[in-house]
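Listed here are the chains, written in short residue letters.
2 protein chains.
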Amino acid sequence: MEHPENDPKYVGLNVNKGISRPPVINPYLKSARKKRGNYSPGEYIEQILKGNIIFLSQAVTLLESRKNEHQSIAREIIEKCLPFSGKSVRIGITGVPGAGKSTSIDAFGTYVIDQRHRKLAVLAIDPSSERSKGSILGDKTRMEELSRNPHAFIRPSPTAGSLGGVARKTRETIILCEAAGFDTVFVETVGVGQSETAVHSMVDFFLLIQISGAGDELQGIKRGIMEMADGIIVNKADGSNIEKANLAAAQYRNALQLFPPPASGWTPRVLTYSGYYQIGISQIWDMIDEYISFVKTNGYFDFRRNSQAKYWMYESINEQLKNHFYQSPKIKKELAIKESKVIHSEISSFQAARQMLEMYFKERD
Amino acid sequence: MEHPENDPKYVGLNVNKGISRPPVINPYLKSARKKRGNYSPGEYIEQILKGNIIFLSQAVTLLESRKNEHQSIAREIIEKCLPFSGKSVRIGITGVPGAGKSTSIDAFGTYVIDQRHRKLAVLAIDPSSERSKGSILGDKTRMEELSRNPHAFIRPSPTAGSLGGVARKTRETIILCEAAGFDTVFVETVGVGQSETAVHSMVDFFLLIQISGAGDELQGIKRGIMEMADGIIVNKADGSNIEKANLAAAQYRNALQLFPPPASGWTPRVLTYSGYYQIGISQIWDMIDEYISFVKTNGYFDFRRNSQAKYWMYESINEQLKNHFYQSPKIKKELAIKESKVIHSEISSFQAARQMLEMYFKERD
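Chains as they are written, first to last, in this note's numbering: chain V, 1 to 365; chain Z, 1 to 365.
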C-alpha cells in the first residue's frame, strides 16, 4: 500500500501536530519589499545584525544578482557580517527523490524552532534550478508549516548557474543568516548527484534521508553519498511500514561498517523516523547535538570549519583562474583548432597545452 | 595453505614454462649507454623509428629529466614521433598488493610475445616512486622472464613527482614506444589508490587483477576501480585454490551487475587464471582481442582515444595554469597570510580568492 503522504486521498489534510500560527510578513512578497539599492551597505549591515529578515533577504538578492554594482555592495555586507557569523550549527540534508525530504524538513524545522527554541534558516543548492525570484510558491507549499513560522527564514536555491557559482552564493548566504542571528542552518540538496559534495563542504553535519525498500538504494551512485553521511535516517517508519524501515536501517548499518572510519572519529548512526507523523524527530536532534558536542570536544569541529574555509578559497581561486583563461575569446577560438589537431594526432596533447599557455601568457605580458 | 609463490621454500625455483633465452643488451647498464646529449633530435627520431631501444630508452630519460635543454629535445622527439604512434593496444593493469601483479605481467608479457608475436613495452605509474634511474633491479627480479626477452622493453615509473607529472611522462613514453614499433603496451599502476584513474585515462583496456578470499576486496576503495575495469581476472586459480577462485569470480560477476553499463557497450568479463602456473592466459588475451575488435567496430575505440587526447590537453592546461599561479613566490607568500585570515574569519574565502587573483593579474598587466 502506498504511503498516505503520496496518496491523493490525503492531500490537503494536515495531520501535522505543530502549533498553527498566523502568517507573518513574507519578505518575498513585492509589497513587503523596498526597491533594492535604496540603502547603503552600512544600513544593510545594521539591520541584518538586528535580525531584520527583510533586509537579510534583500542582501541575499543582491549577492545573487549578476550586476556588478549589486555584487560589490553584497561583498561589503558579507565582509562586515563575517565577524558575526560562524555561530550556528550547519546541517546538510540530502536524500533520493521520493524520500520525503520536504515533509521531513518541514517537520525537523518546526521541531527545532518549537521544542529547541532555535532560529532556523533553510537554504538549498540546486544548480539546475530555473526558478525566478518570484516563484517561491514551490517552497511555500513544500514546507507548509515552516513557511508560516516567524522564526524560520526559507530561501530558495540561487537561480541556474554553475554548481560552483550556486554553491558559493549559498555559502555566502550562510554568513548573512548567521549574522542575522539564525543559530541553525539547513542546507538542502535539491539537484540529484553532484551538489551533495558542495553541500558537504559547507556544513557541520551531513544528514542522509533514506527510505525502506532499500536493496537498490545501497547500490550505484548513492554509495559515495553514504560515505559522506554523519547520520542516516530512514523515513516513513510508521504504521505497517515500521518493520520494513527497521530492516532498511539494519542494512544501512551493515553497509556503513564496510566504509573506512570517518576522520571525525564519529561513528555514523542510523535512525528511523516518520516525517509525516513526526515520530522519532527528537532522537534525530539528540544525535546531532551529541555529534556537535563530540566534535567540539575532540577539535574536529574547528578543523572541519577551517578546512572548509580553505577549501572554498582554493576552489574559488582555481575556478577563477580557469574562467579567466577559458572565457577569453581568443583562447576559445584557438582551443577549438588545437582540439581538432590533438584528435587527429597532428600535435600531442601536451604540446597543444604548452602552445595555448604560451599564447595566453604572451598576450598578458 | 599459503600459495607456493609466497612460500619461502619455493623462492628461486623457476617453474615457469616460458622458453629461456640468452640475455640481450640491457639499455639500463651504464656500459650500453652513450652519454646523453651526444645526438641531435633527428638522430634520436631516426633510431627510434628503426626500433633501436637504446635510443628509445635515452629519449625517455630525456623526457623525464628536469633540465630545460633535455625537455626541449624530448619535446621535439615526441612531436616528430607522434604521426608514427597510436597503433598499439594499450592495456592498463592494476590490482591490490599481493594479487601477484608482477608474476602475472611476467606471464602475460611472455605469452603475448611468444604466442602472439607481439613487441611489448611495459611502463608503470608510481607517483610515490623514489627509485633512482640506476636501481632497476626491482623490475628485473619482479619480471624475471620478461626482462630477459629481447622483444620486451621494461621501463620503471618516472621518479617521484606529482601524479599529473608522472602520468604525463608515462603517456609521452607510450608515444615513443609506439613509434619504436611496440604494438602492445602495458601500463601498470604501482601506487595504491589514485594512479588508477591516470592509467585508465591512457589505455584502451583496463584489466583488474583480483584474488580469492574476496569478501573484503569487494568493499571500500576498490569499488571505484571495479567500475573502470573492462575485465576482471582472478589470480591463483590453481591446485586447491581453484574452487575459491571460481567463487570469487562469481562474486565479482554479481558485483559488476550492480554498476551502470559502461559507455563502451561492452559487458566487463570475469575470468580466472594462474599467473604462476600460466593457466588461462590465452583466454585473457582472447577477451582483450574480442574487446578491441568490438570497440573498433562500434566506434568506441576511436572515441575513447580522442576523449583521452582531449582530456590530457585540458588536464595539462589546468595543471599549468595552477602551477603558474601557485609557484609564484609573491603569491605563495601572500597565500599563507590570506589562509590564516580566512581561518580566523577576518576575510571570507571568496574575498581572499578575489584579492589573490587581483594581485596576480595586476602583476602581469
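Simulated from the structure, these hints should not be mistaken for lab results.
Just so it is clear, the structure is predicted and the values come from calculations on it, not from any experiment.
Some hints here could point you the wrong way.
Put simply, identical chains are the same to the list, so a pair is met inside one copy or across any two.
Claimed, not checked - With a cut-off of at most 20 angstroms between alpha-carbon atoms, the simulated DMTMM-like pairs for lysine to aspartate or glutamate come out as follows:
#  : residue 1 : residue 2
1  : K50       : E339
2  : K332      : D114
3  : K322      : E358
4  : K244      : E69
5  : K332      : D289
6  : K67       : E79
7  : K80       : E339
8  : K310      : D286
9  : K310      : E69
10 : K322      : E346
11 : K332      : E319
12 : K330      : E46
13 : K362      : E227
14 : K87       : D286
15 : K341      : E76
16 : K80       : D183
17 : K50       : E76
18 : K333      : D238
19 : K87       : D183
20 : K169      : E346
21 : K333      : E290
22 : K244      : E43
23 : K169      : E319
24 : K296      : E315
25 : K362      : D114
26 : K341      : E79
27 : K332      : D286
28 : K310      : E46
29 : K169      : E69
Cross-check of the supplied hints:
1. In this assembly of identical chains, the alpha carbons of K50 and E339 never lie at most 20 angstroms apart, being 54 angstroms within a copy and 30 angstroms across copies at closest.
2. Taking the shortest Cα distances, K332 and D114 never come within 20 angstroms of each other, neither inside one copy (54 angstroms) nor across copies (49 angstroms).
3. Proximity of K322 and E358 under a CA criterion of 20 angstroms is satisfied in both settings, with 15 angstroms inside one chain copy and 14 angstroms between copies.
4. In this assembly of identical chains, K244 and E69 lie within 20 angstroms of each other by CA distance neither inside one copy nor across copies; the values are 55 angstroms within and 68 angstroms between.
5. For the homomeric pair K332 and D289, neither the shortest alpha-carbon distance inside one copy (50 angstroms) nor that between copies (39 angstroms) is at most 20 angstroms.
6. In this assembly of identical chains, K67 and E79 lie within 20 angstroms of each other by CA distance solely inside one copy; the values are 18 angstroms within and 46 angstroms between copies.
7. In this assembly of identical chains, the alpha carbons of K80 and E339 lie at most 20 angstroms apart only when taken from different copies (18 angstroms versus 45 angstroms within one copy).
8. When the C-alpha separation of K310 and D286 is checked against a cutoff of 20 angstroms, the pair qualifies neither within a copy, at 30 angstroms, nor between copies, at 50 angstroms.
9. For the identical chains of this complex, K310 and E69 are neighbours neither inside a copy (27 angstroms) nor across copies (38 angstroms), given an alpha-carbon limit of 20 angstroms.
10. For the identical chains of this complex, K322 and E346 are neighbours neither inside a copy (25 angstroms) nor across copies (26 angstroms), given an alpha-carbon limit of 20 angstroms.
11. Taking the closest pair of Cα atoms, K332 and E319 come within 20 angstroms of each other both inside a single copy (17 angstroms) and across two copies (18 angstroms).
12. In this assembly of identical chains, the alpha carbons of K330 and E46 never lie at most 20 angstroms apart, being 45 angstroms within a copy and 37 angstroms across copies at closest.
13. For a Cα distance limit of 20 angstroms, the shortest separation of K362 from E227 qualifies neither inside one copy, at 45 angstroms, nor across copies, at 42 angstroms.
14. In this assembly of identical chains, K87 and D286 lie within 20 angstroms of each other by CA distance solely inside one copy; the values are 19 angstroms within and 62 angstroms between copies.
15. Taking identical chains as interchangeable, the C-alpha atoms of K341 and E76 lie at most 20 angstroms apart only when they sit on different chains, with a minimum of 16 angstroms there against 46 angstroms within one chain.
16. In the homo-oligomer, the alpha carbons of K80 and D183 lie at most 20 angstroms apart inside one protomer (18 angstroms), although the nearest pairing across protomers, at 64 angstroms, exceeds that limit.
17. For a Cα distance limit of 20 angstroms, the shortest separation of K50 from E76 inside one copy, 17 angstroms, qualifies, whereas the shortest one across copies, 66 angstroms, does not.
18. Taking the closest pair of Cα atoms, K333 and D238 never come within 20 angstroms of each other, the shortest separation being 59 angstroms inside a single copy and 58 angstroms across copies.
19. For a Cα distance limit of 20 angstroms, the shortest separation of K87 from D183 inside one copy, 6 angstroms, qualifies, whereas the shortest one across copies, 62 angstroms, does not.
20. In the homo-oligomer, the alpha carbons of K169 and E346 lie at most 20 angstroms apart only across protomers (19 angstroms), although the nearest pairing inside one protomer, at 42 angstroms, exceeds that limit.
21. Neither within a single protomer nor between protomers do K333 and E290 lie at most 20 angstroms apart by alpha-carbon distance, with minima of 55 angstroms and 40 angstroms respectively.
22. With identical chains, the CA atoms of K244 and E43 are never at most 20 angstroms apart, being 54 angstroms at best within one copy and 73 angstroms at best between copies.
23. Proximity of K169 to E319 under the C-alpha cut-off of 20 angstroms is restricted to the intra-copy arrangement: shortest distance 14 angstroms within a copy versus 26 angstroms between copies.
24. Within a single copy, K296 and E315 get their C-alpha atoms no closer than 26 angstroms, and across copies no closer than 39 angstroms, so neither meets the 20 angstroms cut-off.
25. Taking the shortest Cα distances, K362 and D114 never come within 20 angstroms of each other, neither inside one copy (62 angstroms) nor across copies (52 angstroms).
26. With identical chains, the CA atoms of K341 and E79 are at most 20 angstroms apart between copies only, with a shortest distance of 12 angstroms across copies and 46 angstroms within one.
27. With identical chains, the CA atoms of K332 and D286 are never at most 20 angstroms apart, being 53 angstroms at best within one copy and 44 angstroms at best between copies.
28. In the homo-oligomer, the alpha carbons of K310 and E46 never lie at most 20 angstroms apart, since the shortest distance is 28 angstroms inside one protomer and 51 angstroms across protomers.
29. In this homomeric assembly, K169 and E69 come within 20 angstroms of each other (Cα to Cα) only inside a single copy, at 16 angstroms, whereas the closest approach across copies is 47 angstroms.
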